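Peer 1: Protein sequences, first through last, are from chains A and L. When you line the first sequence up against this note's numbering, it's residues 1 to 268, in that order. When you line the second sequence up against this note's numbering, it's residues 1 to 591, in that order.
Simulated from the structure, these hints should not be mistaken for lab results. Just to be clear, a hint being listed does not mean it is correct.
Stated by the list, open to error - Computed list of lysine-lysine pairs in DSBU-like fashion (alpha-carbon distance at most 30 Å, straight line): (1) 196/A <-> 463/L; (2) 66/L <-> 18/L; (3) 87/L <-> 231/A; (4) 128/L <-> 149/A; (5) 260/L <-> 242/L; (6) 66/A <-> 363/L; (7) 228/A <-> 13/L; (8) 228/A <-> 6/L; (9) 356/L <-> 197/A; (10) 16/A <-> 128/L; (11) 132/L <-> 239/A; (12) 128/L <-> 228/A; (13) 431/L <-> 242/L; (14) 142/L <-> 239/A; (15) 188/A <-> 363/L; (16) 448/L <-> 197/A; (17) 540/L <-> 356/L; (18) 66/L <-> 228/A; (19) 6/L <-> 31/L; (20) 224/L <-> 190/L; (21) 224/L <-> 66/L; (22) 545/L <-> 142/L; (23) 463/L <-> 188/A; (24) 23/L <-> 6/L; (25) 132/L <-> 231/A; (26) 228/A <-> 31/L; (27) 142/L <-> 231/A; (28) 363/L <-> 196/A; (29) 128/L <-> 241/A; (30) 188/A <-> 356/L; (31) 231/A <-> 128/L; (32) 197/A <-> 431/L; (33) 356/L <-> 196/A; (34) 149/A <-> 87/L; (35) 493/L <-> 448/L; (36) 244/L <-> 545/L; (37) 197/A <-> 463/L; (38) 545/L <-> 190/L.
None of these values were measured; they are calculated from a predicted model.
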Amino acid sequence: MRGVIGYIPSESIVSKLNPVTKLLIFILMATAAALAYFVNLYIMASLFLISIVLLGVAKVPSFWMKIATFVFIMQLIGTITTNIFFPPGLTPIVEGQVLFRWWWFIVTDKAVIRILHVAFLFFSMAYTTLFLISSTTQRDLVLGLRTLKVPYSLCFLLTMIFRSAGLFLADYAIIREAKEGRGIDFSKGSIIDRLKKYMHLLGPLIVLFVRRASVLSASLESKGFGAKGNKPSQYRVVKLKSYDYLLIFGFATLVALAFINRILVYFT
Amino acid sequence: MASIIKLSDVWWKYEKDKDWVLKGINVDIKKGEFVLIVGPNLAGKTTLAMCFNGLVPHSYPAGEFKGNVIISNNIDTRNYTVAEISKKVGLVFQDVETQFVTMSVEDELVFGPEIRGLSREEIGRRLKWVLKIMRLEGLSDKAPFDISGGQKQRAAIGAALMNMPEILVLDEPTTELDPLGKAEVLESIKQLNKELGITVILIEHLTEETAPMADRVLFLYDGKIIDEGKPDDIFQRVDHLKSKGVKPPQVTELFYLLKKAGVPLKKLPITFDEAESKLFELLRPTSATFKTPKIKTTELRVFNQKSEPIADLSDVTFVYPDGTLALQEVSLKIFRDDPMIGIIGQNGSGKTTLAKLLAGILKPTKGRVFLGDLDTTKAHMAEIGRKVGYVFQNPDHQISSNTVREEVSLGPRNLGLAGLELERRVIETMKDLEIEEFAGENPFLLPKGVRQRIAIASVLAMKPRIIIVDEPTTGQDFKSSYTIMDKLTQLHKRGHKIIVITHNMSLVAEYCGRSIVIDKGRIVLDGPTGFVFMQEDVLKRTSLKPPQATSLSNILSSIGIPAGVTSVEKLSEILINRIGLSPRSYLRSKK
Numbered sequence: 001m002r003g004v005i006g007y008i009p010s011e012s013i014v015s016k017l018n019p020v021t022k023l024l025i026f027i028l029m030a031t032a033a034a035l036a037y038f039v040n041l042y043i044m045a046s047l048f049l050i051s052i053v054l055l056g057v058a059k060v061p062s063f064w065m066k067i068a069t070f071v072f073i074m075q076l077i078g079t080i081t082t083n084i085f086f087p088p089g090l091t092p093i094v095e096g097q098v099l100f101r102w103w104w105f106i107v108t109d110k111a112v113i114r115i116l117h118v119a120f121l122f123f124s125m126a127y128t129t130l131f132l133i134s135s136t137t138q139r140d141l142v143l144g145l146r147t148l149k150v151p152y153s154l155c156f157l158l159t160m161i162f163r164s165a166g167l168f169l170a171d172y173a174i175i176r177e178a179k180e181g182r183g184i185d186f187s188k189g190s191i192i193d194r195l196k197k198y199m200h201l202l203g204p205l206i207v208l209f210v211r212r213a214s215v216l217s218a219s220l221e222s223k224g225f226g227a228k229g230n231k232p233s234q235y236r237v238v239k240l241k242s243y244d245y246l247l248i249f250g251f252a253t254l255v256a257l258a259f260i261n262r263i264l265v266y267f268t
Numbered sequence: 001m002a003s004i005i006k007l008s009d010v011w012w013k014y015e016k017d018k019d020w021v022l023k024g025i026n027v028d029i030k031k032g033e034f035v036l037i038v039g040p041n042l043a044g045k046t047t048l049a050m051c052f053n054g055l056v057p058h059s060y061p062a063g064e065f066k067g068n069v070i071i072s073n074n075i076d077t078r079n080y081t082v083a084e085i086s087k088k089v090g091l092v093f094q095d096v097e098t099q100f101v102t103m104s105v106e107d108e109l110v111f112g113p114e115i116r117g118l119s120r121e122e123i124g125r126r127l128k129w130v131l132k133i134m135r136l137e138g139l140s141d142k143a144p145f146d147i148s149g150g151q152k153q154r155a156a157i158g159a160a161l162m163n164m165p166e167i168l169v170l171d172e173p174t175t176e177l178d179p180l181g182k183a184e185v186l187e188s189i190k191q192l193n194k195e196l197g198i199t200v201i202l203i204e205h206l207t208e209e210t211a212p213m214a215d216r217v218l219f220l221y222d223g224k225i226i227d228e229g230k231p232d233d234i235f236q237r238v239d240h241l242k243s244k245g246v247k248p249p250q251v252t253e254l255f256y257l258l259k260k261a262g263v264p265l266k267k268l269p270i271t272f273d274e275a276e277s278k279l280f281e282l283l284r285p286t287s288a289t290f291k292t293p294k295i296k297t298t299e300l301r302v303f304n305q306k307s308e309p310i311a312d313l314s315d316v317t318f319v320y321p322d323g324t325l326a327l328q329e330v331s332l333k334i335f336r337d338d339p340m341i342g343i344i345g346q347n348g349s350g351k352t353t354l355a356k357l358l359a360g361i362l363k364p365t366k367g368r369v370f371l372g373d374l375d376t377t378k379a380h381m382a383e384i385g386r387k388v389g390y391v392f393q394n395p396d397h398q399i400s401s402n403t404v405r406e407e408v409s410l411g412p413r414n415l416g417l418a419g420l421e422l423e424r425r426v427i428e429t430m431k432d433l434e435i436e437e438f439a440g441e442n443p444f445l446l447p448k449g450v451r452q453r454i455a456i457a458s459v460l461a462m463k464p465r466i467i468i469v470d471e472p473t474t475g476q477d478f479k480s481s482y483t484i485m486d487k488l489t490q491l492h493k494r495g496h497k498i499i500v501i502t503h504n505m506s507l508v509a510e511y512c513g514r515s516i517v518i519d520k521g522r523i524v525l526d527g528p529t530g531f532v533f534m535q536e537d538v539l540k541r542t543s544l545k546p547p548q549a550t551s552l553s554n555i556l557s558s559i560g561i562p563a564g565v566t567s568v569e570k571l572s573e574i575l576i577n578r579i580g581l582s583p584r585s586y587l588r589s590k591k
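Modelling step: build the complete structure from the supplied sequences, incorporating the hints.
Peer 2: Right, here's the structure in full:
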């Protein structure tokens, strides 16, 4: 089992980018979105378009995109419903100019803008996350965080999560096979029946987790984990190249624009 | 030589345990010494290993510790943390997977020095050195799932070495490895001791490979050191070792039987080379008068079964979802009158994939698998479960119920059994595997040997015609391994077809009449075990090696001894006959 999140080996330019750059792109995109959300629709639309470009350059398989898009369309349907669907008993929130009214649906210009903001935020962040995790190995993600001076304990925790999750998923697959071999069919029965069948997997998963945790902690101590008085050093360092700086500058400019725009909106 | 680690009257008891696990251990290990610790399961070997680096008592604050463990004459382990002691003592565990805590070989190696805050330059220097001596060059960026078990274990040893310890303690480091991985790891350990002078304390069940490497052997039994000395001396006491659950090298056992039969021998050899030259010495003078006993014909003929196949794989190819080609156009028939079958091969050769295809857990990408007239691609798992049962390597992957009784009844209940019939089936199965005394107990809390038998019982209760057992003896001492294999033989005699996947060549030779060798997803050898183990060239190409007794018989075939003899007892009978001992002395040796 390769791990909990999916790095997809590819020959794209993005997979060769410095992990620090990719992490910064993610952080700067999130910051720009936070600044422009419900403030500037043009910036939000730009972020959405940039995220699509990032996905395209990263050559993320369409299967992943379909899953991410499906999940966020489901969420978006919820947002649309709460903004334009007002059945009897629910007080309609009518803001701005009514563009369209039919049955229990009331569509206003402000509701449309709100929905577009939500949609752009959802999709741009989903696609940027997908860009980051599919083009960066888990090891590089941690390296990027360490380079960005995130505390060692947090980076180490993340490593442990990645490593344990990989082992956990591998155990899950074997335990499930073992149960299927004894006649348990996980695809049949009512939801309650299926849940009961999955409960059979919990016992061995917990036991293995506990047994592993004890070996893991002994192994960590034996390697010197817990030594006091020293600040952990970092052996592997990554150097940014000119195109890394260029990209970081580009995204930082976007954040600056969003920030200036927000200040201007605040004062006007 | 100066003492580097000294244990004086060490006693240890885990919290809630009534009995002491270590009972007054006194050991004085010298700088640069190679110490081998042998002993049966539950003798206290792992606990003793943890004493050397302070995990005992520091990681178990509620336990009770008495005595002293002194490192380098001045470090009392009770007064230093494990992290501090790790600069002096490196500890490597049996579990190759879990002790790999990071996401790449390089990260794993630099972990310790980074934690200590060493400079990049110093870490780089050490890394280069460790990559070279542990033969890990080119693997720095590999993730744990991309390297073999042997490489992972070498990385674990390398991680300990990065702290520049003076002492390396290795707790059964080769248990989970295939023959190639075992050889690689042992070779590296030997090199560290001989070339770099690192003190090595090795805990192992494998005495054939490790006895010749050690300067001293400690025999731990029931928390006490009951014997210690040079390997040459310790392994002379064959009966004593075997009665206490330690298997001496096969060549030593062989010469022990010869000596008992009256062959004049001063000392029993402990290495293969010694045994080989001694046998040529013994056999040459009588070569004109020997009578070679006939080996049973079943041992040398190539299989040509006439009974109907109960399982039939034809042109099966299997590709995992990530694109790994695991099996390539494999055809195999399992017959009703087959003896017990052993499937052998390196890690990743395709053994488990083949077995899972037979058990219907995996469906072939190409080709067909038939169990009688049942096509596994179309059948429901419950139907397949009546024909084939699969016992997984780690019993903890299989056990899920709160009591042993519930665990054994899970499979037959899924087949629709209920009431008295179910109860009868469960009791009968528990009796077969001798686990009825644990019926009401929580299986997770029982020892691994018992858990392994519970896992077999839970499959046996479904009464499948074929039972596939994956690595049933991993991590078990010799007595527990033989107990499990004896149980499987009984089941085989009662009509279940037993297929064993294992890295233990001696067990395959002794218990399996048919062996299948898999290499890179293809069957490269299939036939009677004696015949398969005669093909040493093919085995070598697949990184396998016959057991010592079989190898000796293969070599001695140049002077008329039959090749492919699969057990020490059979070979000793042949040799005794050949040497020309009187029937009386031979009978005395059998006693």
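Peer 1: Look at each hint and say if it fits the structure.
Peer 2: Consistency of the hints with the structure:
{"no.": "1", "hint": "196/A <-> 463/L", "verdict": "25 Å, holds"}
{"no.": "2", "hint": "66/L <-> 18/L", "verdict": "15 Å, holds"}
{"no.": "3", "hint": "87/L <-> 231/A", "verdict": "17 Å, holds"}
{"no.": "4", "hint": "128/L <-> 149/A", "verdict": "26 Å, holds"}
{"no.": "5", "hint": "260/L <-> 242/L", "verdict": "16 Å, holds"}
{"no.": "6", "hint": "66/A <-> 363/L", "verdict": "27 Å, holds"}
{"no.": "7", "hint": "228/A <-> 13/L", "verdict": "28 Å, holds"}
{"no.": "8", "hint": "228/A <-> 6/L", "verdict": "26 Å, holds"}
{"no.": "9", "hint": "356/L <-> 197/A", "verdict": "21 Å, holds"}
{"no.": "10", "hint": "16/A <-> 128/L", "verdict": "25 Å, holds"}
{"no.": "11", "hint": "132/L <-> 239/A", "verdict": "26 Å, holds"}
{"no.": "12", "hint": "128/L <-> 228/A", "verdict": "26 Å, holds"}
{"no.": "13", "hint": "431/L <-> 242/L", "verdict": "27 Å, holds"}
{"no.": "14", "hint": "142/L <-> 239/A", "verdict": "21 Å, holds"}
{"no.": "15", "hint": "188/A <-> 363/L", "verdict": "19 Å, holds"}
{"no.": "16", "hint": "448/L <-> 197/A", "verdict": "25 Å, holds"}
{"no.": "17", "hint": "540/L <-> 356/L", "verdict": "26 Å, holds"}
{"no.": "18", "hint": "66/L <-> 228/A", "verdict": "27 Å, holds"}
{"no.": "19", "hint": "6/L <-> 31/L", "verdict": "11 Å, holds"}
{"no.": "20", "hint": "224/L <-> 190/L", "verdict": "27 Å, holds"}
{"no.": "21", "hint": "224/L <-> 66/L", "verdict": "14 Å, holds"}
{"no.": "22", "hint": "545/L <-> 142/L", "verdict": "28 Å, holds"}
{"no.": "23", "hint": "463/L <-> 188/A", "verdict": "24 Å, holds"}
{"no.": "24", "hint": "23/L <-> 6/L", "verdict": "15 Å, holds"}
{"no.": "25", "hint": "132/L <-> 231/A", "verdict": "28 Å, holds"}
{"no.": "26", "hint": "228/A <-> 31/L", "verdict": "28 Å, holds"}
{"no.": "27", "hint": "142/L <-> 231/A", "verdict": "27 Å, holds"}
{"no.": "28", "hint": "363/L <-> 196/A", "verdict": "26 Å, holds"}
{"no.": "29", "hint": "128/L <-> 241/A", "verdict": "26 Å, holds"}
{"no.": "30", "hint": "188/A <-> 356/L", "verdict": "22 Å, holds"}
{"no.": "31", "hint": "231/A <-> 128/L", "verdict": "23 Å, holds"}
{"no.": "32", "hint": "197/A <-> 431/L", "verdict": "28 Å, holds"}
{"no.": "33", "hint": "356/L <-> 196/A", "verdict": "25 Å, holds"}
{"no.": "34", "hint": "149/A <-> 87/L", "verdict": "27 Å, holds"}
{"no.": "35", "hint": "493/L <-> 448/L", "verdict": "25 Å, holds"}
{"no.": "36", "hint": "244/L <-> 545/L", "verdict": "27 Å, holds"}
{"no.": "37", "hint": "197/A <-> 463/L", "verdict": "22 Å, holds"}
{"no.": "38", "hint": "545/L <-> 190/L", "verdict": "20 Å, holds"}
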